[in-house]
Amino acid sequence: MNIFKQLTALSLLSLAGVAISHLIPFPFPAGVVCMILLFLLFCTGKVKLSHLQETTDFLSRYMAILFIPAGVGLIRYLDLLKSSFIPILLVCLISTVITFAATAYTVQFVILLQEKYRKGRDSRA
Amino acid sequence: MREFLLSVTASPLFGLSATLFAYGIGLKLHKKAGSPLVNPLLIADFLLIALLLVLGIPYENYMIGGAFWEMLLVPATAILATKIYTQRTILKRYLVPVLIGSAVGALVAVVCVWGLSKLFGLDETLTVSLLPKSVTAAIALPLSEQMGGINSITTFALVIAGVSGAVFAPYWIRWFRITNPVASGLALGTASHILGTTKAIELGEVEGALSSCAIGIAGLFTVFILTFF
Chain A
10 MNIFKQLTAL
20 SLLSLAGVAI
30 SHLIPFPFPA
40 GVVCMILLFL
50 LFCTGKVKLS
60 HLQETTDFLS
70 RYMAILFIPA
80 GVGLIRYLDL
90 LKSSFIPILL
100 VCLISTVITF
110 AATAYTVQFV
120 ILLQEKYRKG
130 RDSRA
Chain B
11 MREFLLSVTA
21 SPLFGLSATL
31 FAYGIGLKLH
41 KKAGSPLVNP
51 LLIADFLLIA
61 LLLVLGIPYE
71 NYMIGGAFWE
81 MLLVPATAIL
91 ATKIYTQRTI
101 LKRYLVPVLI
111 GSAVGALVAV
121 VCVWGLSKLF
131 GLDETLTVSL
141 LPKSVTAAIA
151 LPLSEQMGGI
161 NSITTFALVI
171 AGVSGAVFAP
181 YWIRWFRITN
191 PVASGLALGT
201 ASHILGTTKA
211 IELGEVEGAL
221 SSCAIGIAGL
231 FTVFILTFF
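First to last, the sequence lines map onto chains A and B. For any residue, its number in my numbering is found by taking its place in the first sequence, counting from 1, and adding 9. For any residue, its number in my numbering is found by taking its place in the second sequence, counting from 1, and adding 10.
Be careful, since some hints might not be right.
Derived pair list, reagent style DSS-like, types lysine-lysine, alpha-carbon separation capped at 25 Å [what the hints assert, rightly or not]: (1) 91/A to 128/B; (2) 128/A to 102/B; (3) 57/A to 14/A; (4) 55/A to 102/B; (5) 125/A to 102/B.
Taking CB as the label site, the calculated pair distances span [stated by the list, open to error]: (6) 73/B to 123/A: 43 to 51 Å; (7) 70/A to 21/B: 26 to 34 Å; (8) 177/B to 70/A: 18 to 26 Å; (9) 117/B to 121/A: 15 to 23 Å.
Simulated coverage check for chain A against chain B, where a stretch passes if three residues somewhere in it have a Cβ under 8 Å from a Cβ of chain B [to be verified]: (10) 39–51; (11) 61–72; (12) 108–115.
These are calculated hints, taken from the structure and not from any lab test. For each residue, glycine too, the CB sits at the ideal point set by N, CA and C.
Construct all of the structure, not just a fragment, from the sequences and the given hints.
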């Protein structure tokens, strides 16, 4: 698809996501609805990765630009940031390390269990 | 002169182009420094805040154009699906560890932030602003808003989580003796979102693939955890 069609498709998909997220009885981000929709579309084979290539490449490469305005909003909270800077920094750093370790250990443990289970099954067979 | 400045910056084109320009400088400095500590997003935000403060331009004027970029968060989240779909072969192979790992990671991240915030005496608004800090900004910002958080504080927290992962990941892998590349890749994406993934890609092919899957999958789990929290 050419860029024009890609942009049209992606904005219509986004609009559909917004519509669906309004129909869901609890708050649910529209973008996440779109993510699930697009994944299902890929799985059906109706939409191919190559159909959206240029647009997705551009958006993933420069995605950080979309978060700049939210960061500029800090201008309204400079006092809050100044007074709570150290606790915020510590909460973020410590929880990131713990999240990393917990995830990595869980994955290693599950893989180990799977291997044991498979070995057990093979030796019985 | 003041009136001229106020009416020019009230045009959507001001926020639109100032964001592009500041990000361009951020990217350039990041490339030159070659370190994740010099984060393009952080530089761009710093430059724009300085510009608004020095020239006395109201934040509301900037946001008329800035809102354009924020609007693109929805399609940007949608395309996370392409990252998961691209990795479907490796994902199928490690489906069980990936699902359990991201679910546990997402839960630990939320519980940890909540507990630590209580410990350090942060108020309710700050706590909910920090809760989604390990998932990609495209998912974290709307989540923070939904819970009554300040999405500017969330952005700041996201950068800390991302940059720390990108800088310290090699040390963490050694400290915690993580030997399996599947484990370190998934953990980096779950703890430090896209910035962790950038590092994971450097570490190896398996690490990069699982890390980019983790962004979308752990993000999805976080949405469910925080919606019913």
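Now for the hints, and whether the structure bears them out:
1. 91/A to 128/B: Holds, at about 19 Å.
2. 128/A to 102/B: 20 Å, holds
3. 57/A to 14/A: 14 Å, holds
4. 55/A to 102/B: At roughly 21 Å apart (the allowed maximum being 25 Å), residue 102/B and residue 55/A satisfy the hint.
5. 125/A to 102/B: 19 Å, holds
6. 73/B to 123/A: 43 to 51 Å: 50 Å, holds
7. 70/A to 21/B: 26 to 34 Å: Cβ of residue 70/A to Cβ of residue 21/B: about 27 Å, so the range 26 to 34 Å holds.
8. 177/B to 70/A: 18 to 26 Å: 21 Å, holds
9. 117/B to 121/A: 15 to 23 Å: 21 Å, holds
10. 39–51: holds (count 10)
11. 61–72: Since three or more residues must qualify, the claim that chain B covers the stretch 61–72 of chain A holds, with 7 doing so at under 8 Å.
12. 108–115: holds (count 8)
Violated hints: none; the structure is consistent with every hint.
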